[in-house]
Structures are given as structure tokens and as C-alpha cells.
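Participant: This is what each chain is made of:
Number of protein chains: 4
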Amino acid sequence: MKFYAIGGFKEVGKNMTAIEVNGEVVIFDMGVSMEHLIDLSARGLEYEKLDEQTLKSMNVLPNDTILSGKKVIAIVISHGHLDHVSAIPKLAKKYNCPILATPYTAEIIKRLLKDHNQDSQLKFLTTMQYGDTAELSKNFKIEYVNMTHSIPDSSLIAVYTSEGIVTVGYDYKLDNTPTLGDKPDYKRLKELGNEGVKLHISECVHIEDEQRTPSEKVARDMVYDAIDRAYLDSSAVFITSFASHIARIRSIVEANKGRRQIIVLGRSMNNYISAAKELGLIDTSKFQLYGMSRDVKSALENVKKNPEQYLVLSTGNQGEPNSVLSRIARKEQKFAFRKEDQVIFSSMVIPTPVNKANRYVIERNLKEQGVRILKDVHVSGHAMREDHRDLLRILNPDTVIPMHAETERLASFASLCEEEGFTIGDTVHIMTDGRYINIK
Amino acid sequence: MKFYAIGGFKEVGKNMTAIEVNGEVVIFDMGVSMEHLIDLSARGLEYEKLDEQTLKSMNVLPNDTILSGKKVIAIVISHGHLDHVSAIPKLAKKYNCPILATPYTAEIIKRLLKDHNQDSQLKFLTTMQYGDTAELSKNFKIEYVNMTHSIPDSSLIAVYTSEGIVTVGYDYKLDNTPTLGDKPDYKRLKELGNEGVKLHISECVHIEDEQRTPSEKVARDMVYDAIDRAYLDSSAVFITSFASHIARIRSIVEANKGRRQIIVLGRSMNNYISAAKELGLIDTSKFQLYGMSRDVKSALENVKKNPEQYLVLSTGNQGEPNSVLSRIARKEQKFAFRKEDQVIFSSMVIPTPVNKANRYVIERNLKEQGVRILKDVHVSGHAMREDHRDLLRILNPDTVIPMHAETERLASFASLCEEEGFTIGDTVHIMTDGRYINIK
Amino acid sequence: MKFYAIGGFKEVGKNMTAIEVNGEVVIFDMGVSMEHLIDLSARGLEYEKLDEQTLKSMNVLPNDTILSGKKVIAIVISHGHLDHVSAIPKLAKKYNCPILATPYTAEIIKRLLKDHNQDSQLKFLTTMQYGDTAELSKNFKIEYVNMTHSIPDSSLIAVYTSEGIVTVGYDYKLDNTPTLGDKPDYKRLKELGNEGVKLHISECVHIEDEQRTPSEKVARDMVYDAIDRAYLDSSAVFITSFASHIARIRSIVEANKGRRQIIVLGRSMNNYISAAKELGLIDTSKFQLYGMSRDVKSALENVKKNPEQYLVLSTGNQGEPNSVLSRIARKEQKFAFRKEDQVIFSSMVIPTPVNKANRYVIERNLKEQGVRILKDVHVSGHAMREDHRDLLRILNPDTVIPMHAETERLASFASLCEEEGFTIGDTVHIMTDGRYINIK
Amino acid sequence: MKFYAIGGFKEVGKNMTAIEVNGEVVIFDMGVSMEHLIDLSARGLEYEKLDEQTLKSMNVLPNDTILSGKKVIAIVISHGHLDHVSAIPKLAKKYNCPILATPYTAEIIKRLLKDHNQDSQLKFLTTMQYGDTAELSKNFKIEYVNMTHSIPDSSLIAVYTSEGIVTVGYDYKLDNTPTLGDKPDYKRLKELGNEGVKLHISECVHIEDEQRTPSEKVARDMVYDAIDRAYLDSSAVFITSFASHIARIRSIVEANKGRRQIIVLGRSMNNYISAAKELGLIDTSKFQLYGMSRDVKSALENVKKNPEQYLVLSTGNQGEPNSVLSRIARKEQKFAFRKEDQVIFSSMVIPTPVNKANRYVIERNLKEQGVRILKDVHVSGHAMREDHRDLLRILNPDTVIPMHAETERLASFASLCEEEGFTIGDTVHIMTDGRYINIK
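Residue numbers (the numbering used here), protein chains in the order written: chain P, 1 to 440; chain C, 1 to 440; chain U, 1 to 440; chain R, 1 to 440.
FYI, nobody ran anything at the bench for these hints, they're computed from the structure.
Keep in mind that a hint or two might mislead.
For identical chains, the list gives no copy identity; a pair is met inside one copy or between any two copies.
Dumping the calculated DSS-like pairs for lysine-lysine here, alpha-carbon to alpha-carbon at most 25 Å [unchecked claim]:
(1) Lys198 - Lys187
(2) Lys56 - Lys286
(3) Lys331 - Lys183
(4) Lys141 - Lys304
(5) Lys56 - Lys339
(6) Lys339 - Lys10
(7) Lys440 - Lys2
(8) Lys356 - Lys375
(9) Lys141 - Lys2
(10) Lys56 - Lys331
(11) Lys10 - Lys375
(12) Lys367 - Lys56
(13) Lys190 - Lys339
(14) Lys257 - Lys187
(15) Lys217 - Lys183
(16) Lys10 - Lys356
(17) Lys331 - Lys10
(18) Lys257 - Lys334
(19) Lys331 - Lys49
(20) Lys93 - Lys56
(21) Lys334 - Lys56
(22) Lys440 - Lys198
(23) Lys331 - Lys70
(24) Lys93 - Lys70
(25) Lys10 - Lys367
(26) Lys71 - Lys305
(27) Lys217 - Lys257
(28) Lys217 - Lys375
My request is simple: use the sequences and hints to build the entire structure.
Facilitator: Right, dumping it as C-alpha cells:
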């Protein structure tokens, strides 16, 4: 068995790996580097219009040349975040093979392909439910196992190969009281551990936090409290969060308890919520949803008339310069904040310097207008060190490969593995983009 | 009206302030500097045996000489933490006046006085319930208002003086879903705001966290989850927390749900829990409680026989070198951890260099024995920046004085006040130990 | 005497203060907020073209309305950095009074006024040498005292008023071995201390560093070492620093020791170096200087041919998106770095989130092209805590007012003053923008 | 060739590695974990009196059981710091083989052996000058190459084996203007690179600082400036530094320029300076040196009489609780600081939690007595990231193994190697204590 480290082994994001058994290759995830993607828009460039080569040279896309000439039989996607799916319209075509994904993930990929005018690729999209297995060949059988994360339909992927089981643990937390969907399928995870896992691949975004990640239930409690207190004042209340975090958006809507009119604004809000509505994951009857900038504009004009009657959920949680909230903060909209209006950030700052600067600028702009800000009404969707230890103990793999981080954090995961009895260089491997390794 | 900044104006702790109206003085809190107290024991000295002068020269006690010759008519205590009450046995005697405190606080003071063989002072102790008022003189009337914090019976103190109302906001959070006791008495707080507060005094320990402090309910959820997961393994499970945090201790006991035998170990655990039992704040029938080192020793010998049958709650959450947990970690007890035993820290490290070093040492010792550690199963008991803003808006005082921190943090509170319309040097004052100010 | 805190009392930058004695006012410095100025260009706006009101509402300019109607008799400038002089073309006109400055500072102001087509204002500009005094009125006599900082001709300003001496300590370090100009005039400083200073105003940018700032001589040693080592490889060597830091630029030129051809690129490099040349502060015969983008372009085309023959000194030390270096790093110039070319940052990142992001982006871009980066070949131009203590002890003022920082850092300076015997609220004042105070 | 990672591969310190060629083994360095050694004294235990097994179980000593039964032909020591030599008296005996060391290192080892009553081992000590080679066997020839660090006679060790050259880069900086001894022997280093280095082993203590380490010359400039300014006041002046840092101690003595009487106090000061004197590395005629606590006491009594006539150099730069300076700070000596006396720390805090706590306590104690503190009059003795890159480019090894740090820092070094063309897991290896690897 060969393991290919294609992207996400010297950076957070740009996730793409592959496994080869008997000359057949299966790819796992195809994401972009969010940081470099954000750079594009800062330079006035459009991702949709740039070609594969340019995007690779700009480090937006993973470099998959290591797979050229290989027989790729499937692309298996873990969940719908952009750093896991956005490279599909750029890279998948040449592989001419099925793309497996859970329903919500599939819905997102569908929209991505349409945005790139690749309707012809839609036929490759295969929707998988938790527990479904796909017999790809005599070498590969894929099973989707229920996991929890900050987007619906996240999964751990169990790969039954003719040389043993591989588990792909892209982006998860162990949330025993999720607010949308079920808790992780511990029963299957334990069974996998008992059957014997040859190789476990794991994200390690929060490996350095020596804790367990609190449940999304905690975030819901915080949202409820934040909304209740915000409503004590007769001011405009804006809240922003990750557009794909449907569980959170539901909590925000529920927290309102019918007290105010809810307006949801922004292109990506519209996109992800529409996708969720399609699958019955969210009841959109309780709010109005506007994605087009013209509609956003007129909705804000209404808010302006009676700000205290609205709860506005908008894009902008990372201070993205083009988001609805950033535009208002820069006074580029008809609606302008008054002193003592409120903005709740139901998110954390994803800690890159550019995000930090963007958030700093939006917060400073808001504060200079007298707006009250409430931050970090949030818990993470990523496992922390002790969750990773839990999963390692459950799956008990022969070999581990950490991913989705720069070298130092991969090493931190490796040192957790050392604590659990693995050996760096032997049973846990620190890889780097563009390399492969033979798994004994 | 004169305000005396006696202790806690260039350090966290050593809290002591006083207000003078028409020649009469009321003192608020009498605490030690925990950091310097810890130093004593590192040097092998005993607080009980040292005299007032020595302790002042060592910066353990607030220096109250500014009050000498004044007519002190009462000492009013906000809550029972050591940095608010421990100076009483050293300083109170000379004032020869009533000491007001809520029941749990009074219970703690009683024990302190007895430890110092000052039974004669007990007669001064006056127990106050929330809502009770004490008419001290024609200049002073004291009311205890229900507040939430990390120890039972915490209070905001409303001081009706002949020159206007003073509110003393020593150590609080705004917890709307506490697990022990009621949420803050917002009704009374609003009434005070409406009556007109002349001066508000506020702690500012967490002023730099631009959030609201999550509810203790969140900590309870985290404790439940931590215990549930810990019990998945047949290992010893130890948990440690603040001995005076009765709400947390109750959550720990509840989280056990009868699955294991609970043993509570350590002198201060025994002390604070006994005090709580006295007042019916905790049901001790569900666990065994051992304070004496001989009893601790024999209890641990039992645990040694069948570790997987016990949940041990012990002292040592800050890595205190003399705590039960530190001693075990140093292998100075009969009971020794085996690989994969578990220790849960239901606390944060109070961020002083000495605490950090102590915690580092205990954690390192535990890890070197293969013990699994889970940290930060905790939420704070102190208000954060946005909670302080809430209270400022409710009380709407004429003047504010922050306390319980070094100058920079007092200034951070002052800058919050600036945001809320106050003026540094005019309506918000940054004070320092040993100074007073006239309040217009 | 009245002290007006106009700008720089809740932010770093936007420096402007004033002193009133007997109805006459003298203004000290007139700077912009660099952070907000940078914001303008990010939004595609031009400072020169925006009016006073707009710039005030955007927090670029200090708000000097507190002085309206006052009799301002002079504007006294300490040194030529933009956060101390750039507001002159926007605000000075209405005061219709002399502008005092040392030669290099005057040269910079002259250029600023010309850029704003305010040649008519040039007549107000009065050049002062160290030791010169200007008798402004019977209330005010101004003397410029030699101080060291990171730009030529920096000064401490001694203000003899009819109510006592004020010393204005805007932006200084105590450098006993400067590489350009003389060390601080300790003799005069001591004399001032002996005469009796009523009020000392001090910057406090680096108050939190509990050290002394090393001499610029140390930076020169580091530059020499960096250049020597860089030349070991036959690669392009670029170096970037602050354009106004003439001492540093001289060190860079000297470090070359004739080994390579030196090319200096960028509009602000051209601007500040030309100004320095005018005053004989730098010998420009040893390098070629290009400010216009067309010239930069053709110079870089030459470098491209034989990169190993050049040392290129360019703008871009903060990663400014429009700087020469950033453009090359984004591959927007004909010259492109090859693997193993070298870039030396002879500067620190001025620690704002936007600068950090800009520097992150330029460094990442350079690294992705294989460029070797050397950072922090630099020492600061600002006094640290122990330098401030030194100056306080020399001047021994009655009252101190810290400036040029947000509230918390002002407080940190105030706490230094407390250590030195001052009292917050009495002899040291934490002010905020738009307020004044009467000095006893 | 086999490489054994014995100690220093999951911690800073406890350094010990070994190389095996054709059944013969050479050991490099034998150090303790300073952190655990400090722990011993905190518990009242004495290193000298504890046996090998106990010390291994306490993680003070490296665990060398992996070498048991091997034919060890020499122990080769790089320099004299305790984390590189202190395990010799505990571990070397059983190997019964020569111990190679440069003169100052040998002098330190001699004293260590005597302290442990192992005079019989002295015969194994072989002194090597820079450039000397030792033909150990037909498989191993050792050469000492001049390197710079913070102790005299530091070296890079070139190991000529029958399978190729190994370079051992334990603890170095690339100082081109050292104040004691010569700069690194670049000529030999380049020759080694040209001959072809099979394996390079490198410390990585400061790998995360993306700079070059400034020269010791910079520290000397800082010491001179600090002393000059300190003498401006008629107060006691104390200075503390690392006792083994002879270059620094010389700078301190020189900086005095005969102005005050210099007294040097403390056991380890006496120890290291006497060793240096023995070899003519320091002229002790300019100061008095007292190591015994009785002598220290009486010397301090003299200082007490005329503090302004003395410069006292003492132990205590890390705040070690038993150091001379800590004792004075705790008022346990006859000499007591007066307000405005001065203490200069010519060192950095070695960043472990225990050191930080110790330094915090000593600084707080000093400040509470009104002592003026000057910190960080220092530059590091360890190479930073860009120095390591320089050496990698000079030596151009086939394979690299970083050491002397925990896993994450080893990984950071590995990622530098990746930048330089190496591949993790193939040509750069992240090892862990107790493992070995075959070098191709």
C-alpha cells in the first residue's frame, strides 16, 4: 500500500491525499488553501476564471502531479468545507471517476461544479449515507461512518482494502451532544478497531490544545444567552457565523424564540442554507434569506427603519472585506450602525495573520462607530489533543499519519502518538506535500 | 465621602478598601496576597504564627495604617475567598467592630478565627442573608444583593450612605444559569441603578477578555462529559478542583451517578465542604471525606487495592506542592499511579509564575508516570469585559473605581469606562495601594 | 497652565498636544494615525485629496476642535516622522502661526506642504538648530535639545513658560553611541532638571519592555554582519528598512564597502534620502536613487541581468502592498527572485494586525519563491522602560503625562512613575484624546 | 552506521548520542536534564549522593541501556555545560574508555569527577586542542573544530569513520566577532563540506527564532553601557550572569575599568572561574573571588559598609533559590539592599516554568525593596534558524538529525532542512530518546 501526501502536509488546508493498492488509487478530499484563495480576491482575481496551472503556481491548489499516469478509481470526500472540496472543479475532471460524498457534501459539490459550468461532471457524483458502503473494486470498499464536525454530514471514512483497513479522519470532533445529527458512531469505530486498522490518517488542527473540545451544545447555550442579553436593549442586533455551520445557524434562529424578525444576508449564507434546506436540515420559514447584493441592500433599508425589530445574521465572521458586515462597518451601505447597536461574532478568528488583520479592521471600524461587540460565542469543530487520544485508543491503528497542518503541528500529533506507544519514523510518519510512503 | 484604596490596587488580591462618611468608616473585605501567602509555605513559615508587622513587611497583608485613628464602625465582607477574608484574624481585632458576612462566608471566617485561637472575636460576626439590610449608623446602611461567583453566598454590597449609594462589586460573574443558588438579583441591581449610584467599585480580574464568562452550567456539562469518558477505561480516576467551589464539587459528585465510590481528600477540601454541609449546601452522604493526612493515607491504601472502583476528588488543582495530588505525583504516598490512570483538572491555572511552575511540575511528574491528564474542565467565576459593561449599564454610577489588579488592568477597566462615557481622572479613578480620594 | 491631550492618548500615533499659559497656546506635533492612513490606501483613497472633516471622521487626523477660538502662537515639531508631522498640511493653516522644526524635520514638512500645494504656508516654517531658543512671547520660550531617535535631528523640546518649564519628550531613545549625530545632550537635560521641570510629557511606545534600548551601533554591527554573510553567495541581495532612518541607510551603504553596486528604490526612499542629501546628512555618490516607478522598473531590469553585482535597498520593510519589494514578491515586476536570492529586513514589524498581515504575505510570497529571508536586523529607536526611568531621574519633574499609546500603556508608564515616587491622578495623569487638565 | 538517540530527543538537555560503526561505538556528550536536576535540590536531594538507577527513574540522567553490551571505545565531549557533561560521573565508569575533551571542558569534568570521589577515572581524560585528531580505531578518527558558544573551548566534532564523516554540532553559534577565542573555523568546516559529510547532528534550541544570533560583541557593548549608567548613581551595583560564561565575566570585569572594587561571589562562580584561571583564560588579579558561604558572608559585610565602592558579580541569574542573590533578596544575608540599589541580569531566563517562577520571585523580592533591575543585558549562545541554515549550506550533509529539544522543535529543524532540500523520514530524521536508526 502506498500513501500519497499531496496537500495539507505543510499547511493547514489544501487537503488531498491518496492511497494506492495493487495499482489502483483512491483520492481523499480535494481542497484549496483558504489563505491563498483569500489572497486572490485581495488581488481582484477570480478563482473560477483561473486555470489549474496558474492556481497551482499560486499555491491555491494542491499539486497532484505525483498521481499522473496513475489509475484513479474514485475521489472520496469527507465533508463539504472549501479546504476539502473546492479543488474538485479544477482537478477532478482529469480523473474521470466517481466522486463519493454524503448528501450535504454532495449538494455543495453540485453547486461548485455548476459555478464552474461543469454540469457534465455531475454524473460522477455519488451520494452516500452514513453506513453505506461502496465496493469500488476488489481492492477498495468505502464506508462512511457518522462523525461530528461543524458542517452537516461529516464523516470518518473507513477504507477496506485488500491490504487492510484505512481510516481517514479528516476534520472531526467527538461531540456526544451535538445539536444537529447524531453523535459519532462509536459502535462502528470500535468494531473497526477490533477488526484491525492498518493505517489511520488524522487531521491535527487543534492538536496543541491539551483538552477536549466542548460540545456544540455549549455553543448553543452561549448563543441563547448572548441573544437574550442583546435583546435587553432596543438596538440593532447583528450576528455573524460560518455560513456552512448549519447547526449553529439553527441555534441562532431558535434562540430568537420569535421575538424579532430574522434576516439572513450574504451570498455564502444563501448558498449553504439553501443547500441545507434542500435536504431538510433547516426550516427556513422562520427567516428571510437574501444572497444577491441588490436584495441585501433593500433588506438593510428595511432594517434601518426599525432596527430594534430585527435580528440580522450575516456573513463577515472573519472580517472578510467583501462581506455584508464589513461593508456596513466601512459605511458602504445605506444602513449604518448607531451607537450601542450590537454585533455578535459566533465564531473564532481562524488564526492566520490575514484573518486577524481583517477581523481587527472590522472590529475597530465597528467600535469607532460605538457598536458593542461580543466575540467568541463559539466552540470549535475540531478535535483537541485528548479527543485525538480517545480516537487513537478506539481505532488502535498499526500506523498513523497526521495531516492538515504545517510540520510542527504534524510533529505535535506524532508526539501524542509516541505517548500512545507509536514510534516516529516507524509507526507514525511526518510527511510533506508531494511525497509518498509505503505502508508495511 | 472618602474612598480608601488599601489593598488590591497594585496587585491581584490583598483586597481591602474603605469608605468614610462624616467621620465614620466602613471597611470592605480583608484579604491576603495569595502569591505571598504561597511564598510563606515555600519558605517553611506558617501564616498563623507570624505577626501583623512581619506579614505586612512581607506584603502578605494589606497595609491598613491609613485608617489608624479612624472610627471604623464595621467590616463588611463580600464572599469567602482567602484573598478577601484571610486577613481578618490579623487585622480585624484592633477595629473592635461588627463583621458582616453571608452565611457561608461567616462559616469560613469562623473557622479562620478558631484556627487563630480568636474565639473571642466570634461575637463580632453578624450573618446576613441576601436582601437583609443592616443599619450601621445614620451614615451607613448595608444591603447584601445576590450575585454569582465561584463560591456560595457571594454578594454585591449596596451601601446606602448619607451621601449616596455605593455599590461594591467584589468578585462576581453574571451567571444566568448557575448550578447552585440563584442568578444575580437583576431586579435589585436595576432598582439601585434607578435610585442613583454615586460610586461603583468593581473587581477587574478578567477585564482583558473581550467576552462574557460562560455559565457554570457549561462547566457542569464539561464535568459530566469528562467523567463519562474517563469511566470508559478501568483505571483510577482522580479529579481536582478548588475546594471552596461547592457548586463544582456538587457537579462532580452528581456526574458520578453512583457508578464509583467517591473519596474526597485533603485538608482544605475537608474544611470547605464541612462548612458547606453545615449550611445544607451539599449532601455529603454520597462520598467519604478525609482531611487529616493519616486518614488520607489509609483512604489511598484502599484506592490502591481497586483503583477502578473509585473516583478520588483531591486538593492539588494548582499543583500546590503540599497537596494530596502533588504528593502522589512525587511518589510520596503508598498509592502510586499506574500507566493510563487519569487525572482531571477541573480548574484553570491562576496565572502567576509560581502557580504555572507548580502545575508544570505536577503535570510533568504525572505524565512521566504515564498518567492521562485532562485539563481546563472549567469556566471562570469572574466577569469578563462584556459582563462588566452589562453591570455598568445596569448600575449607571456617577463614578467608578476598579480594583483587584495591577495598574495596567485597572487602566483596562478604566478604558472600558471611557467607552461607556466616563472620564479617567474625573469619573473613573485609577488608584494605588495606600491612597485615598474624595468622591464628589 | 492647561495641558490639552488632543491626539495620541488612546492610540499610538495621531500625536498632537498643546499647552496654554495666560491665554496663549503652543501646539506640539501634528501627526496622523498611521494605521488609519494605511487603511486609506487599502481602500484606494488618497490622503492628499481628502478634506479635514472626512479625515477626522475616519480617525486619520487628530480632532483639534478643543482648540477652536484659542490664540495659538506656534506649532512646535519634535521630529519628522509621519505620525508627528503629516497632519500639518491639513490642520496648520487655520492657526496661521509659525511652525518650528529642526533642519531635517523642516525639510520633510516643506515637502509635505508642497505635495499639498501649500507653498504659501512655507513662510511659517522656522528652522531651529539644537540649542537654539525661540522667544515666542512673554509666556513662551522654546529650546531644542539634542536627542537620539531613528530619524535625524530629533529633539526634546524644552518649553520655558511663565509658569515653569515643560519638557516634551516625543519619541526618543538614550543612545550613547549613535551612528549619526551626537548622543543626547545630557548636560542640558541635567540643567533642566536642576532648574526645575514643572511638567514632563513622554512617549511610551516601548514602556512595557523592561530593558534599555540598545544603541544604533548594535544595529550597525548587525547590518555589517548580515551583508558580509549575504555576499558569500552569488545571489541577488535586497535589503529594506525605514526610508526616514538615515543613520541605518548610511550603515547599509557603508557595509557594502564598495563590493557591489548599490541601487536604492522607491518613492519614499527617494523622498527622505533627497531631504537628507540636501542637508549633507548622507553622501549619495555611492548609490543610485530611483523614486519614480518608471525608473524603478528600468533599474530592476538592470539588476535582472547581473543580480550578483547589486545590493538593492528598497521600500517594503512593513510589507506595504504598494512597495517595490511587495510588487516584486507578487511577481508584478520584470525582475523576479530566483531560488536562494536573499532579502534582509533591517526593521521590526510595527506590531499592528495590518502590518503583521502585510509582512506575513510578503514573507510567504518570498519563501514560496525560495528566497532566503533575514529578519530583525534592527534595534528600536524608542526608549524602553529603564531609559524612561533614567530620563525621569534626570529631569525630576513635578508632574508627568505619558502619551503616544492606548490607555493600558499610558498606565504602564504611570506605574513606572509610581515606582519613582509619583502618584497617579495627582502627579502623573492618564489622559485621553479630547480632554485637558489644569497643571498646578 | 547506526545512530543512537539516547537523550535530548524529547527534551532540552540530557544530551547523549552514540554512533556505531562495525561493532564499535563512540558516545557523544553525557549530560543531565537541568530541569530535573533543579527539581532534586527543590526536594532537598543531592545529585552526588543518588545512584544511577534512581537518577534514571527520576529522568535526571539519560537512559543508556540501549548501549548495554556494546563495545564503547570512547566518550567524546563537545563542551562543558552541565547538560552535556554532568552525567559523566554517573555513567562513564561502566564504559571504561577514554573521555575526550577540550582543555576547559576537561577541567570541568575533572572537578566533577573529584566531587564524586572518582579520581580513579581521571586517567581516562584526554585533552584535545582545536585541530587535534585522535585515531580511536580503524573505524573512528575524531577531530575538534573551533566553534563559538557561551563557554570556552566549545567545538564541533568531526568524526571520520570508515563509512564517512559525521559532524556533531552540539551547542554553537556562528559568532564572527567573539570576545574570547577565535571565530568558527570556517576553513575546516568548508573542507569537511567538500570532503562530503554523511551525517550531521545539530542542536536546535533556538531553531524557532527566524534570525541570526548577534555576536557576543553586542553583549559586551550592552554590558559596558549598563555598567557606565549604573555607576552614575552612588548605589550598590550587583550583576549576575552564567558562571561558566567566561567571556561575559571578562566583559563585566573590563567594563568596570578600575572604577570600583569587584567582588565575585558564589560556589559555581568560584568553580568555573578557577577552572578558567587554571588555563589562563581569565586574569583574576582584578577581582576577589569567594565561593565558600562563610567567605561570601564576610565579603558582603564589607560591601555593606561602602556599597558604592563595589561591583558585585554573583550567582543567581536564573533566580536559583540557593544562589547568593536570591538569599540577599530574601533578606537572609547581613547585607540588605537599600532603595535604588541596582541589580543587572546579564542573562536571559532559560524558558522553563520553574526558572520563570524563580526569576519572578527574585525580581519581585528585589522590587519590593526598591531595587532597580536591569534585565536581558545579554545575547544568546545558541545558533538561530538562519545560522543553522548557514552551517547546513557549508557542511552540505547527506543526512541530518536534529537533537537537544522536544519533538516539535526537532520538527521545526526538520522543516528548515526541507526548505534546504532534505526529506523528512528520508534524509532528515526526527528521533526520540531510546531509539536508533541505520544511516545509509
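Participant: Does each hint fit the structure? Answer for all of them.
Facilitator: Do the hints match the structure? See the list:
Proximity of Lys198 and Lys187 under a CA criterion of 25 Å is satisfied intra-copy only: 19 Å inside one chain copy versus 50 Å between copies. For a Cα distance limit of 25 Å, the shortest separation of Lys56 from Lys286 qualifies neither inside one copy, at 42 Å, nor across copies, at 42 Å. For the homomeric pair Lys331 and Lys183, neither the shortest alpha-carbon distance inside one copy (43 Å) nor that between copies (39 Å) is at most 25 Å. Taking CA atoms no more than 25 Å apart as the test, Lys141 paired with Lys304 passes in neither setting, with 56 Å inside one copy and 47 Å between copies.
In this assembly of identical chains, Lys56 and Lys339 lie within 25 Å of each other by CA distance solely across copies; the values are 18 Å between and 46 Å within a copy. Taking the shortest alpha-carbon separations for Lys339 and Lys10, only the inter-copy value of 19 Å comes in at or below 25 Å, while the best intra-copy value is 44 Å. Taking identical chains as interchangeable, the C-alpha atoms of Lys440 and Lys2 lie at most 25 Å apart whether they share a chain (9 Å) or sit on different chains (22 Å). Taking CA atoms no more than 25 Å apart as the test, Lys356 paired with Lys375 passes in both settings, with 13 Å inside one copy and 21 Å between copies.
Only within a single protomer do Lys141 and Lys2 lie at most 25 Å apart by alpha-carbon distance; the minimum there is 16 Å, versus 41 Å between protomers. For the homomeric pair Lys56 and Lys331, the shortest alpha-carbon distance between copies (15 Å) is at most 25 Å, but the shortest distance inside one copy (36 Å) is not. In the homo-oligomer, the alpha carbons of Lys10 and Lys375 lie at most 25 Å apart only across protomers (22 Å), although the nearest pairing inside one protomer, at 30 Å, exceeds that limit. Within a single copy, Lys367 and Lys56 get their C-alpha atoms only as close as 39 Å, which misses the 25 Å cut-off; across copies the closest is 15 Å, which meets it.
Proximity of Lys190 to Lys339 under the C-alpha cut-off of 25 Å is restricted to the inter-copy arrangement: shortest distance 22 Å between copies versus 55 Å within a copy. For a Cα distance limit of 25 Å, the shortest separation of Lys257 from Lys187 across copies, 23 Å, qualifies, whereas the shortest one inside one copy, 36 Å, does not. For the identical chains of this complex, Lys217 and Lys183 are neighbours both inside a copy (12 Å) and across copies (21 Å), given an alpha-carbon limit of 25 Å. Proximity of Lys10 to Lys356 under the C-alpha cut-off of 25 Å is found in both arrangements, the shortest distances being 21 Å within a copy and 21 Å between copies.
In this assembly of identical chains, Lys331 and Lys10 lie within 25 Å of each other by CA distance solely across copies; the values are 23 Å between and 39 Å within a copy. In this assembly of identical chains, Lys257 and Lys334 lie within 25 Å of each other by CA distance neither inside one copy nor across copies; the values are 28 Å within and 56 Å between. Within a single copy, Lys331 and Lys49 get their C-alpha atoms only as close as 30 Å, which misses the 25 Å cut-off; across copies the closest is 19 Å, which meets it. Proximity of Lys93 and Lys56 under a CA criterion of 25 Å is satisfied intra-copy only: 16 Å inside one chain copy versus 54 Å between copies.
Taking CA atoms no more than 25 Å apart as the test, Lys334 paired with Lys56 passes between copies only; the shortest distance there is 21 Å, against 40 Å inside one copy. With identical chains, the CA atoms of Lys440 and Lys198 are at most 25 Å apart within one copy only, with a shortest distance of 9 Å there and 27 Å across copies. For the identical chains of this complex, Lys331 and Lys70 are neighbours neither inside a copy (53 Å) nor across copies (33 Å), given an alpha-carbon limit of 25 Å. In the homo-oligomer, the alpha carbons of Lys93 and Lys70 lie at most 25 Å apart inside one protomer (14 Å), although the nearest pairing across protomers, at 58 Å, exceeds that limit.
In this homomeric assembly, Lys10 and Lys367 come within 25 Å of each other (Cα to Cα) only across copies, at 13 Å, whereas the closest approach inside a single copy is 37 Å. Taking the shortest alpha-carbon separations for Lys71 and Lys305, neither the intra-copy value of 61 Å nor the inter-copy value of 45 Å comes in at or below 25 Å. For a Cα distance limit of 25 Å, the shortest separation of Lys217 from Lys257 qualifies both inside one copy, at 17 Å, and across copies, at 21 Å. In this homomeric assembly, Lys217 and Lys375 come within 25 Å of each other (Cα to Cα) both inside a single copy, at 18 Å, and across copies, at 20 Å.
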